[in-house]
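Enquirer: In case you want the letters, here they are:
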Amino acid sequence: MKKIEAIIKPFKLDEVREALLELGVQGMTVTEVKGFGRQKGQTEVYRGAEYVVSFLPKIKLEVVVGAQLAPRVLETIVRTAKTGSIGDGKIFVSELQDVIRIRTGEKGESAI
Amino acid sequence: MKKIEAIIKPFKLDEVREALLELGVQGMTVTEVKGFGRQKGQTEVYRGAEYVVSFLPKIKLEVVVGAQLAPRVLETIVRTAKTGSIGDGKIFVSELQDVIRIRTGEKGESAI
Amino acid sequence: MKKIEAIIKPFKLDEVREALLELGVQGMTVTEVKGFGRQKGQTEVYRGAEYVVSFLPKIKLEVVVGAQLAPRVLETIVRTAKTGSIGDGKIFVSELQDVIRIRTGEKGESAI
Amino acid sequence: MRHTKKKQQWMVGLMAGLLLMGLGSVVGIALADEAAPPAAPAVAAPAAAPEAAAAAPAPPPKNDSGDTAWVLTSTALVLLMTAPGLALFYGGLTRKKNVLSTIMHSFFLLCLISVQWVLWGYSLAFGPDKGGIIGSLAWAGLSGVGLDPNPDYAATIPHQAFMIFQMMFAVITPALISGSFAERMKFTGFAVFILLWATFIYDPLAHWVWGVGGWLRTKGALDFAGGTVVHISSGVAGLITALVLGKRMGVGTEHMAPHNLPMTVLGASLLWFGWFGFNAGSALASGSLATGAFVTTNTATATAALSWMVAEWIHRGKPTTLGIASGAVAGLVAITPACGFVSPMSSILIGLGAGVICYMGVLIKGKFGYDDALDAFAVHGLGGTWGALATGLFASKAINAAGADGLFFGNPGQFVIQIEAVLTTWIFAAVGTFILLKIVDMVVGLRVTPEEEQRGLDNSLHNESGYA
Amino acid sequence: MRHTKKKQQWMVGLMAGLLLMGLGSVVGIALADEAAPPAAPAVAAPAAAPEAAAAAPAPPPKNDSGDTAWVLTSTALVLLMTAPGLALFYGGLTRKKNVLSTIMHSFFLLCLISVQWVLWGYSLAFGPDKGGIIGSLAWAGLSGVGLDPNPDYAATIPHQAFMIFQMMFAVITPALISGSFAERMKFTGFAVFILLWATFIYDPLAHWVWGVGGWLRTKGALDFAGGTVVHISSGVAGLITALVLGKRMGVGTEHMAPHNLPMTVLGASLLWFGWFGFNAGSALASGSLATGAFVTTNTATATAALSWMVAEWIHRGKPTTLGIASGAVAGLVAITPACGFVSPMSSILIGLGAGVICYMGVLIKGKFGYDDALDAFAVHGLGGTWGALATGLFASKAINAAGADGLFFGNPGQFVIQIEAVLTTWIFAAVGTFILLKIVDMVVGLRVTPEEEQRGLDNSLHNESGYA
Amino acid sequence: MRHTKKKQQWMVGLMAGLLLMGLGSVVGIALADEAAPPAAPAVAAPAAAPEAAAAAPAPPPKNDSGDTAWVLTSTALVLLMTAPGLALFYGGLTRKKNVLSTIMHSFFLLCLISVQWVLWGYSLAFGPDKGGIIGSLAWAGLSGVGLDPNPDYAATIPHQAFMIFQMMFAVITPALISGSFAERMKFTGFAVFILLWATFIYDPLAHWVWGVGGWLRTKGALDFAGGTVVHISSGVAGLITALVLGKRMGVGTEHMAPHNLPMTVLGASLLWFGWFGFNAGSALASGSLATGAFVTTNTATATAALSWMVAEWIHRGKPTTLGIASGAVAGLVAITPACGFVSPMSSILIGLGAGVICYMGVLIKGKFGYDDALDAFAVHGLGGTWGALATGLFASKAINAAGADGLFFGNPGQFVIQIEAVLTTWIFAAVGTFILLKIVDMVVGLRVTPEEEQRGLDNSLHNESGYA
Ligand SMILES: Nc1ncnc2c1ncn2[C@@H]1O[C@H](COP(=O)(O)OP(=O)(O)O)[C@@H](O)[C@H]1O
Ligand SMILES: Nc1ncnc2c1ncn2[C@@H]1O[C@H](COP(=O)(O)OP(=O)(O)O)[C@@H](O)[C@H]1O
Ligand SMILES: Nc1ncnc2c1ncn2[C@@H]1O[C@H](COP(=O)(O)OP(=O)(O)O)[C@@H](O)[C@H]1O
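Protein chains in written order, with our numbering: chain A, 1 to 112; chain B, 1 to 112; chain C, 1 to 112; chain D, 1 to 468; chain E, 1 to 468; chain F, 1 to 468.
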C-alpha cells in the first residue's frame with residue numbers, strides 16, 4: 001500500500017477530490033498547511049511596515065491506496081492540481097506497512 | 001521504530017490519549033484535519049441554499065514507538081477510538097528510519 | 001530521498017527556516033500541531049475551575065531532501081531548534097519512494 | 001426526550017400557527033383600533049387609572065422631550081444587552097460547535113418575546129389588575145396603549161414608550177436562563193418552554209412587583225430595576241433547568257474551555273453599556289433619579305469586577321479576564337434592585353459582596369454536581385438574591401424619598417419585606433419552571449440526542465457552522 | 001476591466017486631489033464664512049424658507065434640548081449601522097480571504113461620504129430647490145448651514161443636527177450596495193463608482209423625496225425614513241452591479257460558506273439597535289411620533305425575523321441563525337418607509353410579509369443566475385419595495401395626522417402614488433447605476449484579475465490578512 | 001524587573017487592601033453622608049462656588065431633562081470607548097497569545113479607575129482648588145457631590161452626572177497608554193503603575209486644565225474635550241513607558257502581524273461612535289454647541305481616515321484597512337481639543353493634517369528604535385499635539401463666543417498659550433511617568449520574564465487562552 005501526500009493550492013481541492021472519486025478512491029484526509037518554496041511569498045503592510053509572508057496557505061492531501069491504483073492516482077493529481085504556475089506543489093510517495101480500519105479492525109488493503 | 005498515524009473522531013481524543021499513556025507511550029502529536037470517506041458529510045444551509053460538506057472534522061494522532069510496543073498501541077487505539085459507526089477512522093503504520101530528540105541530540109529508540 | 005519531519009517550538013520556526021535556506025533547502029511545509037510529551041502542560045483556569053491543557057502548541061516542519069543533504073539538514077535543525085529545555089521536540093526521518101513536482105511532472109530528486 | 005421528524009414538523013406548524021394567529025387577530029384589532037377616533041387611548045387611560053382621574057384639575061400629563069429621549073435611548077440600550085450583548089457573552093463561553101445555537105437562544109427570544117409582549121404579554125403584566133395577581137387582557141394587541149402618557153406608570157413619556165422599555169426586560173429575562181441549558185437543549189423544546197415561561201412565570205411576576213395593584217408592589221417590596229423579577233426568577237429557573245436536563249456529555253472529563261474569550265468580554269462590555277439603560281432608564285425620566293442610578297450602577301459594577309478578580313487571584317493564584325468580566329456582570333445584577341435607592345458608597349459595598357458571593361457560587365456547582373453550563377444561577381440567581389437583600393439593608397430615603405429606609409438606616413421591616421419578596425420569587429420560579437419543563441418534555445422533548453450533542457448543536461439543530 | 005499600475009497611481013492621485021480640492025475650497029469658504037457676523041446663517045435661512053418667514057409673528061424657532069439629544073443620539077446610532085454594523089454583517093458572510101475588503105467597503109464609505117456630504121452632497125439633496133429635481137450648490141461646504149433650526153426641515157434642532165443626521169443616510173445607502181459586488185470588485189473602481197453614485201443617484205433621489213420642493217414629496221409619496229431613497233435605490237443598484245460584474249469565480253462549484261456567522265449576527269444586532277436611530281430618529285424630535293416609529297420598527301423586525309426563520313424551516317427542515325438574522329434585517333428594511341405612519345398591529349403584517357418575500361428573494365437568485373453575493377437586492381431591493389407599497393396599504397391618519405390614509409383605510413390613491421414612487425426609483429436607480437458602471441469600467445475598470453480574486457482581495461487589494 | 005511569588009501575593013494583598021480600605025472608609029462616610037439632611041450637598045456647593053452664590057437673585061440652577069439625557073448618553077458612550085472599543089482596537093493588533101492580556105488592560109482600568117474616581121480622583125481633579133495645582137480632598141467619596149447641578153461646571157445637569165461623565169475620561173486616558181507596553185508588561189507592575197499615574201499625573205493635569213482655579217484654565221488654554229489632558233498625556237506616557245520597558249522579544253525578526261483585524265476595525269468603529277459622547281458630550285448640554293462639536297468631530301475623523309489611507313497608498317502602493325481605521329482614530333484625537341471651537345471647514349484641515357502626521361509618526365518609530373507596540377505615542381501623542389496646536393490656529397469666536405480666536409483669526413496670542421499648554425503637558429507627563437515607572441520597577445517590577453513573554457501573557461499572567 002502506498003501513502004500519497006500531495007501539497008496543492010487550496011482552491012484546487014474540490015477539483016482534485018472529484019477526480020479521485022471518479023477513479024474509485026474512497027477516502028482521503030486533508031490538512032491546512034503553510035508552504036515555503038520557489039513561489040514568492042505575499043507582501044503584507046501594517047501601519048507602513050512591510051512584511052514578506054514567506055509561508056503561503058496550501059492544502060496537504062493524504063490518500064492511501066493499494067499499489068496498483070497508485071500510478072493512476074498520481075497521474076490524476078498531477079493533472080487536476082496543475083495550473084502551470086510556480087507553487088503548484090509536490091507529491092510525496094511512501095510505502096505503508098499496514099492499514100487498519102478502526103470500526104471493524106480489518107487490516108491491509110481491505111481496510112482502505 | 002514505527003510511526004503510527006491514526007485518523008479518529010475528535011471527541012475520542014482524550015480517551016485514546018489516556019489509554020496510550022497507561023500503556024507507557026510518552027508522547028504524541030495531534031493535528032486537526034478534515035476527513036472524507038464513507039461517512040456521509042454534513043448538510044449546511046445558508047439562506048436557503050444547501051451545501052453538503054463532504055469533509056468532516058477529524059483528529060490525526062501521530063505516535064512514534066519502538067517496534068515491540070507497536071502492536072499494543074494499535075490494539076489500544078482500535079479499542080478506544082471505536083464507536084462502531086461509520087467514520088471511526090483508519091490507522092496507518094509505516095517504518096521510521098531514525099528519531100532524534102532535539103533537546104539532547106539522542107538518536108534511535110532512546111530518543112522517543 | 002528522505003522525508004524529515006521535525007516537531008519544534010513555534011517561536012523557533014523563523015530561525016530554523018533561515019538556517020535551512022542557507023543550507024540550500026528550497027522548500028518546506030509547515031503545520032500547526034499540538035504536542036503531548038514530557039513537557040508539562042499549561043494550566044488554565046476558567047471561573048475557578050482548573051484545567052491542565054496537556055497538548056501544547058507545536059510546529060511540524062516537513063522537509064524532503066536528497067539522501068546526501070539529509071544529515072546536514074538534521075544537524076541544522078537540531079542546532080537551531082534547540083533551547084535545551086524540555087519540549088524542544090523530535091525529528092522523525094523516513095524513506096520516500098518518489099517525489100513529483102505537480103507543475104512540471106518531474107520525478108525524483110530533481111522534483112524536490 | 002425523544003426526537004422525531006414528526007414532532008419537528010408539528011412544531012414548525014405550531015410556530016407558523018402562532019404567527020398566523022397574530023395575523024388573524026391583528027386584522028380585526030387593527031381595523032377596530034384605527035377606525036376609532038384617535039382619542040380612543042385617552043378614553044381608555046382614565047378608566048385604567050382612577051387615581052390619575054381623581055387628580056383632574058391638574059393639567060393633563062404631557063410628554064417631555066428629554067424624558068422621552070432618555071427612555072427611548074434606554075430601550076435601545078436594553079435591546080443591545082440581549083443581542084448582541086448576552087448572545088456574545090454566552091456564545092464565547094461555549095465550545096465552537098455550539099456557538100450559533102447559543103447565540104440563537106438570545107436572538108430568537110428577542111424576536112419571539114417582542115411579538116408576545118405586543119400581543120398579550122404587556123397586558124398580562126401591566127394591564128388593569130385582577131386581584132393583585134395578573135393583568136387583564138384588556139390591553140392585548142396594545143389596544144388602548146397609545147402615545148399619550150399613562151401617569152400610572154410614567155407621567156412624562158408616551159405610554160408606548162413605557163411599554164417598549166418594559167418589553168426589553170421581558171426579552172432579556174428568559175434569555176438569561178439560556179446560559180444554564182446551553183449546548184444540549186432541543187430548539188423546539190426550548191422555544192415552547194420559553195414561550196410558556198414568559199407567559200406564566202415572567203408576566204405574573206412582573207405584575208406582582210411592578211403592576212399597579214400587584215401584591216408585592218402593594219406590600220412595599222423595593223425592586224428598582226428588576227432584581228427579583230428579572231434576575232432571581234431567571235437564575236432560579238436556570239438552576240431547575242440544569243437539574244432537569246442533566247449534565248452535558250463530557251462534563252468533568254473533556255476539556256471544555258471557552259472557545260472565544262474576546263467575544264465574551266465584548267458581550268460583557270456591551271452588557272455593562274446597555275445596563276445603564278436598564279437601571280438608569282428605570283427612572284423613566286431623565287434627571288436626578290436616573291443620574292443617581294447611573295452612578296451606583298457603574299460603581300457597584302466596577303467594584304464587583306475587582307472583587308471577583310481578587311477572590312479568584314487569591315484562590316487560584318492569578319487574576320483572570322473571564323473573572324473580571326464575570327464579576328462585572330455579577331455587580332450589574334446585584335445593583336439592579338438597589339440602584340435607585342442607595343448611595344454611591346453603599347453601592348461599593350454591594351459590589352464587593354456581589355463579586356465574592358457569585359465567585360463562590362460558581363465554585364459550588366462543582367460540589368453539587370448540577371451542570372449550570374454558563375453559570376446563569378450563580379450570577380443571576382445568587383447575585384440577584386444578594387442585591388434584593390442588600391436593597392433592604394442599604395436603601396435610604398435620603399437618596400430616594402419615594403423609596404424606603406433599609407435595615408442600616410433604622411428600618412428592619414424593609415429587610416423582612418425584601419426577604420419575603422425573594423422567597424416568593426424563588427419558590428414561584430422554581431416550582432413553575434419545574435412544571436413547565438415536565439410538560440414540555442412530555443410533549444416535544446427537551447434534550448437533543450447524544451449523537452446530535454456530539455456533533456454540535458450548530459449543525460444538528462441549525463444546519464450551520466459558526467466558522468468556516 | 002484591465003488593471004494597470006498606471007491607472008492605480010492615477011487613482012491615488014485622484015483621491016488625493018479630492019482631498020486637496022477640499023483643502024483649497026475650504027480656506028476660502030472658511031475664512032469668508034467665519035469673518036461674516038455669526039448672524040449669517042440666520043440671514044440665509046429665511047431666503048431658503050419663505051414659508052417660515054411668512055409665519056413671522058410667531059417666536060423664532062428654538063432648539064429643544066430633548067429633541068436635540070434624541071437626534072444627536074440617533075445620528076450616532078445610524079453611524080453605528082454602517083460601521084461596525086453593516087461592515088460586520090457583510091464581513092462575516094464572505095470568505096476569510098475577503099473579510100477586510102468587505103469591511104473596507106463600509107468603513108471607506110463612511111469616511112468618503114462624510115466629506116462629500118459636507119462639501120456638496122447636502123446642498124444637492126436639501127439645498128434650495130431647482131425645479132423639483134435637485135438642490136442648488138448654495139449650501140456647499142455647509143455655507144449657511146448653521147446651528148439655529150431650519151424650520152423647513154426641523155424646527156426644534158440645530159440645522160447642522162438635521163444635516164448630519166441626513167449624512168448618515170447618505171453614508172449607509174451606497175454601503176448597502178456593496179453586498180452585491182463583494183469579493184470581486186477593484187477598490188479604485190469601487191471608490192470612483194460610489195462617489196459618482198452618491199452624487200448623481202442618491203443626492204437627487206433624496207431631494208425628490210425629502211427636499212423642500214422635491215417632486216415626489218410634492219406629489220405626496222410617503223417615505224418616513226427612507227424605503228425608496230435608501231433601500232430600493234441601493235437594492236436595485238446592487239442587482240445591476242451584480243449583473244454587470246458577473247459571477248464570482250467558483251460560484252456554484254466551490255463551497256462558499258460564511259466564514260464567521262457570529263460576526264454576522266453581531267452586525268445584524270447592531271443594525272437593529274442602530275435602526276432605532278434611523279427610523280425613530282426620522283421623527284426629528286423626541287416624543288409621540290418617535291415613540292410610535294420605535295415600536296413599529298421593533299415589532300416588524302421581530303416578526304420578519306420569525307417569518308423568515310419559519311419559512312426556511314418549512315422549506316429546508318431547520319431554523320437557522322443566519323435566517324433569523326437576515327429576516328430581522330428584512331423587517332427593518334420593510335418597516336422603514338412605513339414606521340411613522342402605521343400602527344403596531346399593521347407593522348406585524350408588514351414584518352410577516354417581509355420575512356417571506358425576502359426569503360423567496362434569496363432563492364430566486366439561484367434561478368436567474370446573477371451573483372448578488374450577499375443578497376443586497378433580495379433584502380433591500382425587494383424588502384424596500386414591499387415596505388414602500390405596504391405603506392400605501394397600511395398608512396393611517398389616526399396614527400400620523402401629517403401622513404395619509406392607505407388603501408386599507410379607504411384611500412387607494414395613496415397606494416397608486418406609492419407605486420409611482422417605487423417605479424420611478426427602480427428605473428432611475430437601474431438606469432443610472434448601469435450608466436455609471438459602464439463609464440467607470442472604461443476609465444478605471446471594475447473587476448479584479450482572476451489571480452487577485454483567487455488570492456483573496458484582502459491581500460491583493462490591501463496587502464493585508466484578516467487573521468494571523 | 002524580577003518576578004517573585006512573594007511579590008505577587010503581596011500585590012494581591014495590596015489590591016484586596018485597596019478594596020477593603022474603600023470598604024472601611026465607606027461605612028463611615030456613607031452613614032455620615034446619608035444621616036445628614038438631604039440638603040447637605042446644597043450647603044457644600046455654595047462654599048465651593050462663591051461666584052454662583054453671588055448671583056443669588058437668579059433662580060437656582062435646575063436640571064434640564066434634555067441636557068441630562070444627553071450627558072448620561074454621552075457618559076455611556078465614553079464608557080463604550082474603553083471597553084469594548086479600545087480593548088478590541090488594541091486586542092486585535094496583538095498576537096493571538098496576548099489578546100486577553102491586552103483586553104485586560106482596558107477592562108481592568110475601567111473597573112479600577114471607576115472606584116478610584118469615586119474615592120479620591122474626582123476630588124483631586126475637580127474639588128475645591130488648592131493654589132491652582134490640585135483639588136482638595138473635600139469631595140473624596142463623593143462627599144457633597146449630589147444630584148443638584150453644580151453651576152461651576154454645568155448648570156443644567158446633576159453634579160453627579162458631571163462627575164461620572166468626567167470619570168470616563170479618567171478611565172480611558174491610562175487605557176490609551178497601554179498600547180505602548182502591550183505584550184510584555186507584568187500585570188502587577190501595570191496595576192500599581194497605572195493607579196499611581198491616574199492619581200499623580202492625570203488628576204492634577206485635569207485640575208490644571210478644567211478645574212475651577214486650575215492654572216492652565218485661568219491662563220486661557222483651550223482644550224474642549226481633552227487634547228492635552230487625555231491624549232498628549234497618555235501618548236507621551238506611552239513613549240516613556242516603551243523606552244523604559246524596552247522592545248518586545250522578536251521585534252524586527254519575527255513576523256508580528258495583527259492577529260485579528262476585523263476586531264481592530266470593530267474597536268475603531270466603536271471608538272468613533274463613542275467619541276461623539278466624548279466630544280459633543282463635553283458641551284455638557286444638548287444644543288448648538290454639542291451639535292457643532294458633533295459635526296466637526298465626524299468631519300475631521302473622516303478626513304483623517306482618508307488622508308492616512310492616501311498617504312500609505314502613495315508610500316506603500318495600496319490602501320489598507322488598518323490604515324483607514326488608524327487614520328480615523330488619529331482624526332478623533334486631533335479634533336478633540338478643537339471640536340467646540342472650530343468650523344466644519346477648519347475641521348477638514350485638522351483632519352487632513354492628523355492623518356498625515358500620525359502616519360509619519362508610526363514610521364519614525366522604526367527609525368528611533370523604541371517599541372511603542374500599538375502606536376499609542378504616534379496616534380495620541382502626536383495627534384494630540386497637532387490638535388492642541390491646531391486649536392490655536394483655527395479657533396474662532398464666531399463658532400464659540402466662550403472660546404477665543406486663533407492665529408488664523410487674528411489672535412497669535414492664543415497660539416502661544418496653546419504651545420505653552422502643550423509643552424507643560426509633555427514635560428509633566430514625561431517626567432512624572434519616568435519617575436513612577438522607576439519606583440514601580442524597584443518595588444514590584446515592570447516586565448515579565450522572557451519565558452512568560454514567549455509563552456504569551458494570556459497564559460503566563462492570566463492562566464487563560466483567548467481562543468480554544
Ligand atoms: N523540499 C520540500 N519539502 C517539503 N515541502 C516542499 C518542498 N519543496 C516544496 N514543498 C512544498 O511544495 C509547495 C510548492 O513548492 P514551490 O517550490 O513553491 O513550487 P513548485 O512546486 O511549483 O516548484 C511549497 O509551498 C511547499 O509546501
Ligand atoms: N484512503 C484513505 N486515505 C486517507 N485517509 C482515509 C482514507 N480512507 C479514509 N480515510 C480517513 O478516515 C476517515 C474515516 O473513513 P470512513 O470511510 O468515513 O469511515 P470508516 O473508516 O469507518 O470506513 C475519513 O474521514 C478520512 O479522514
Ligand atoms: N512518541 C512520540 N510520537 C510522536 N510525537 C512525539 C512523541 N514524543 C514526543 N513527541 C512530540 O514531541 C514534542 C516534544 O516532546 P517532549 O517529550 O515534551 O520533549 P522532549 O522532546 O524535549 O523530550 C511533543 O510535544 C510531541 O509533539
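Keep in mind the hints are simulated off the structure, nothing from the lab. Keep in mind that this is a model prediction, so the values were computed, not measured. Mixed in with the good hints, there may be bad ones.
[Said to hold, decoys possible] Derived pair list, reagent style DSS-like, types lysine-lysine, alpha-carbon separation capped at 25 Å:
{"#": "1", "chain 1": "B", "residue 1": "Lys3", "chain 2": "C", "residue 2": "Lys82"}
{"#": "2", "chain 1": "E", "residue 1": "Lys96", "chain 2": "F", "residue 2": "Lys318"}
{"#": "3", "chain 1": "E", "residue 1": "Lys397", "chain 2": "B", "residue 2": "Lys40"}
Enquirer: Give a verdict on every hint.
Expert: Tested hints:
For the suggested pair B/Lys3 and C/Lys82, the alpha carbons sit about 23 Å apart, so the restraint of at most 25 Å is met. Proposed proximity of E/Lys96 and F/Lys318 is supported: the alpha carbons are some 20 Å apart, at most 25 Å. At roughly 58 Å between alpha-carbon atoms, E/Lys397 and B/Lys40 are farther apart than 25 Å, so this suggested pair is violated.
Going down the numbered hints, you'll see the structure goes against just number 3.
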